[in-house]
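Counting the sequence shown from 1 gives a position; the working numbering is that position plus 163.
Since the hints were made in silico from the structure, they are not lab data.
Do not rely on the hints blindly, as some may be mistaken.
[What the hints assert, rightly or not] Derived DSSO-like pairs (lysine-lysine); straight-line CA-CA distance at most 27 Å: (1) Lys201 / Lys174; (2) Lys238 / Lys188; (3) Lys174 / Lys238; (4) Lys201 / Lys188.
[What the hints assert, rightly or not] Here are the in silico distance ranges between beta carbons for each label pair: (5) Lys269 / Glu165: 39 to 45 Å; (6) Leu267 / Asn230: 16 to 22 Å; (7) Lys246 / Lys177: 44 to 50 Å.
Ideal placement from N, C-alpha and C gives every residue a C-beta, glycine not left out.
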Amino acid sequence: MESLGEHIKRKRDKNDYSLREFARKVDITATFLSDIEKGTRHPSDEVLRKIAEELGDNFEELKELDNRVPLKELKELFNSNPKYGFAFRKVVEKRITPDELLDLIKSRKEEE
Numbered sequence: 164m165e166s167l168g169e170h171i172k173r174k175r176d177k178n179d180y181s182l183r184e185f186a187r188k189v190d191i192t193a194t195f196l197s198d199i200e201k202g203t204r205h206p207s208d209e210v211l212r213k214i215a216e217e218l219g220d221n222f223e224e225l226k227e228l229d230n231r232v233p234l235k236e237l238k239e240l241f242n243s244n245p246k247y248g249f250a251f252r253k254v255v256e257k258r259i260t261p262d263e264l265l266d267l268i269k270s271r272k273e274e275e
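Between the sequences and the hints, there should be enough to build the whole structure, so can you do that?
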């Protein structure tokens, strides 16, 4: 399945918009748009609505491509089991990068 960022980049390219041109149209910086397309940052609903409108997409369908877990669910998870908070703090203390963490999870799943 295509990610939100991949979809935006594909549609932007299809419409022959440069990164800077499209960023101006939706009133954000080119750096922010680049980060959205790479999946390292996520737009607010307001920005996502502007992006959807400019690309001719349905906002709700575009929002479905955002595969992040809602913040409310993360808070509930942390509140339901304190070990999640402890584990997260250890990741931060050890300065484990996101890529290292994902590699660890991948290798663990391969062992199962």
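Hint consistency between Lys201 and Lys188 [alpha-carbon to alpha-carbon, up to 27 Å] | 19 Å, holds
Evaluate the given range 39 to 45 Å for the C-beta pair formed by Lys269 and Glu165.
-> 21 Å, violated
For the pair we were handed, Lys238 and Lys188, check the Cα-Cα distance against 27 Å.
-> Violated: Lys238 and Lys188 sit about 35 Å apart, past 27 Å.
Is Lys174 close enough to Lys238, meaning Cα to Cα at most 27 Å?
-> 33 Å, violated
Could you see if the CB distance from Leu267 to Asn230 stays within 16 to 22 Å?
-> For Asn230 against Leu267, whose Cβ atoms are near 20 Å apart, the range 16 to 22 Å holds.
Under the criterion that the straight-line Cα-Cα distance not exceed 27 Å, is the pair Lys201, Lys174 satisfied?
-> 14 Å, holds
With 44 to 50 Å as the target window, see if Lys246 and Lys177 comply at their CB atoms.
-> Since Lys246 and Lys177 have Cβ atoms about 45 Å apart, the given range 44 to 50 Å holds.
When held up to the earlier numbered hints, the structure conflicts with 2, 3, 5 and fits the remainder.
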